[in-house]
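Could you put together the complete structure from these sequences and hints?
Chain by chain, the residues run as shown.
Protein chains: 4
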Amino acid sequence: MSPSIETILQQLRQFRDERDWAQFHNAKDLALALSIEAAELNEQFLWKTAESANPTRVREELADVLLYAVQLADKYGWSIEELMHEKIACNAEKYPVSKAKGTATKYDEL
Amino acid sequence: MSPSIETILQQLRQFRDERDWAQFHNAKDLALALSIEAAELNEQFLWKTAESANPTRVREELADVLLYAVQLADKYGWSIEELMHEKIACNAEKYPVSKAKGTATKYDEL
Amino acid sequence: MSPSIETILQQLRQFRDERDWAQFHNAKDLALALSIEAAELNEQFLWKTAESANPTRVREELADVLLYAVQLADKYGWSIEELMHEKIACNAEKYPVSKAKGTATKYDEL
Amino acid sequence: MSPSIETILQQLRQFRDERDWAQFHNAKDLALALSIEAAELNEQFLWKTAESANPTRVREELADVLLYAVQLADKYGWSIEELMHEKIACNAEKYPVSKAKGTATKYDEL
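Protein chains in written order, with my numbering: chain A, 2 to 111; chain B, 2 to 111; chain C, 2 to 111; chain D, 2 to 111.
Among the clues, some could well be false.
Which copy is meant is left open, so a pair is good if it fits within one copy or across any two.
What the hints assert, rightly or not - Keeping only pairs whose Cα atoms sit at most 20 Å apart, straight-line, the calculated SDA-like set for lysine to any residue is:
no. : residue 1 : residue 2
1   : K76       : D21
2   : K76       : E19
3   : K100      : I89
4   : K76       : T8
5   : K107      : Y96
6   : K100      : A23
7   : K95       : D109
8   : K49       : T8
9   : K49       : Q12
10  : K49       : K102
11  : K76       : D18
12  : K95       : N27
13  : K76       : Q24
14  : K49       : A90
15  : K102      : S80
16  : K76       : Q15
17  : K49       : Q72
18  : K49       : R60
19  : K102      : F25
20  : K100      : E83
Worth flagging that the hints you see were computed from the coordinates, not collected in a lab. What you are looking at is a predicted structure, and each value in this text was computed from that prediction instead of being measured.
What follows is the structure, given as structure tokens:
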């Protein structure tokens with residue numbers, strides 16, 4: 002069975018504190034770290050089709066993105082489930098089915 | 002009470018299918034979308050200290066990053082809890098406490 | 002004396018063609034490669050102040066960003082000097098001195 | 002006729018100083034700004050093939066990337082022509098024709 006997000010958070014806090022890394026983890030650098038991991042994720046697809054990327058590498062890089070996302074949310078005291086839930090509702094307003102169906106156009110050009 | 006990740010996934014799949022967006026959601030473009038949202042998250046901290054960023058905006062952009070991360074994991078049929086759990090163990094090996102304590106040096110230069 | 006941008010372009014085209022890499026260099030992947038190099042540039046500043054980054058590493062990563070930027074411009078047949086010159090004029094309109102002086106606020110919130 | 006890189010630099014310094022923006026332009030935030038513009042460039046290709054991106058928008062976003070790259074180089078007192086020239090020679094060593102021909106494999110896996 003998978004561990005819960007709460008268990009993962011506890012592991013991450015322990016990991017950070019054992020290494021005395023809280024001193025580096027301000028929100029600006031956590032966000033920067035996240036975007037660097039996002040680029041490493043994208044590197045798995047560079048010069049390739051989606052299908053020819055190596056799933057093992059994609060999985061590792063996606064995990065790193067998620068670990069920083071969870072730590073950034075924790076820095077602000079947010080639940081990732083709540084903030085995702087909230088944003089889905091917000092995106093539903095920005096992209097009404099009647100306008101957005103079948104098109105990849107951005108909301109401000111719909 | 003917060004919804005579970007599984008509930009959020011179901012909402013995301015419904016959101017996508019109502020808009021007929023599965024056609025755009027190949028893994029390469031999902032990863033690209035994630036990194037674009039990561040940049041919008043970073044924009045909240047641009048020319049600023051970590052403390053002077055607007056938390057409401059940070060929250061929205063972090064949510065968008067997470068929503069694409071969850072959808073990319075779903076594309077491969079992965080549980081985000083499992084892949085994070087696995088990566089924490091892997092990072093613990095890359096960054097042993099004895100070497101990494103108190104330093105932000107990257108693992109390949111430790 | 003520094004080589005001209007035109008000389009650099011000729012070197013880049015020769016470099017690409019000797020390796021038979023034109024097949025990979027579509028505009029979408031060139032832009033993606035550029036953003037991956039931009040992340041590697043940012044990694045030099047991660048968990049650090051601007052002053053404590055290693056200038057030699059910054060220089061190398063900035064060079065990689067520039068090399069992809071120049072190749073992407075060349076893909077479209079654009080002169081980088083012209084497109085920069087044009088954009089400075091455009092930015093001067095978006096950020097009039099009277100409104101933008103001393104503030105880092107984005108143009109759409111000025 | 003296109004202006005020279007030197008002329009563009011003078012325009013950029015004047016643009017910055019008229020707005021009193023030098024206070025924001027530390028190397029870390031300039032690099033961050035560059036990567037945010039790189040993401041806006043990539044957004045032009047999101048959910049699309051390379052060919053279906055809008056060249057006018059690509060041109061504008063690429064210009065913004067270049068303007069920050071030039072300003073970051075200027076911050077360190079570097080000539081962009083020199084650093085590109087130097088890096089082409091360095092990349093030629095990392096990617097020898099005999100190994101790299103016709104393959105997009107990264108140098109550390111060649």
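When Cα atoms must be at most 20 Å apart, do K49 and K102 count as within-copy, between-copy, both, or neither?
between (28 Å within a copy, 16 Å between copies)
Since the copies are identical, ignore which copy is meant and state whether K76 and T8 lie within 20 Å (CA to CA) inside a copy, between copies, both or neither.
within (16 Å within a copy, 24 Å between copies)
Pop the pair K49 and T8 into one bin, within, between, both or neither, using alpha-carbon distances up to 20 Å.
neither (36 Å within a copy, 30 Å between copies)
Could you place K95 and N27 in one of the four classes (within, between, both, neither) given a Cα distance threshold of 20 Å?
Classified as neither: same-chain Cα gap 31 Å, cross-chain 22 Å, threshold 20 Å.
As a check of your reading, is K49 near Q72 (CA-CA no more than 20 Å) within one copy, between copies, both or neither?
between (31 Å within a copy, 18 Å between copies)
Given identical chains, is K49 near A90, meaning Cα to Cα at most 20 Å, within a copy, between copies, both, or neither?
neither (34 Å within a copy, 26 Å between copies)
State whether the alpha carbon distance between K100 and E83 is at most 20 Å within one copy, between copies, both, or neither.
neither (27 Å within a copy, 36 Å between copies)
Can you give me the call for K49 and Q12, within, between, both or neither, at a CA distance of at most 20 Å?
neither (35 Å within a copy, 25 Å between copies)
Checking K76 and E19: alpha-carbon separation at most 20 Å within a copy, between copies, both or neither?
within (17 Å within a copy, 34 Å between copies)
Since the copies are identical, ignore which copy is meant and state whether K76 and Q24 lie within 20 Å (CA to CA) inside a copy, between copies, both or neither.
within (12 Å within a copy, 28 Å between copies)
Under a CA distance limit of 20 Å, which applies to K107 and Y96: within one copy, between copies, both, or neither?
within (9 Å within a copy, 24 Å between copies)
Within, between, both or neither: how does the pair K49, R60 come out at a Cα-Cα threshold of 20 Å?
Within. Shortest intra-copy distance 17 Å satisfies the 20 Å Cα cut-off; inter-copy 24 Å does not.
The structure does not agree with the numbered hints 8, 9, 12, 14, 15, 20 stated previously, though it agrees with the rest.
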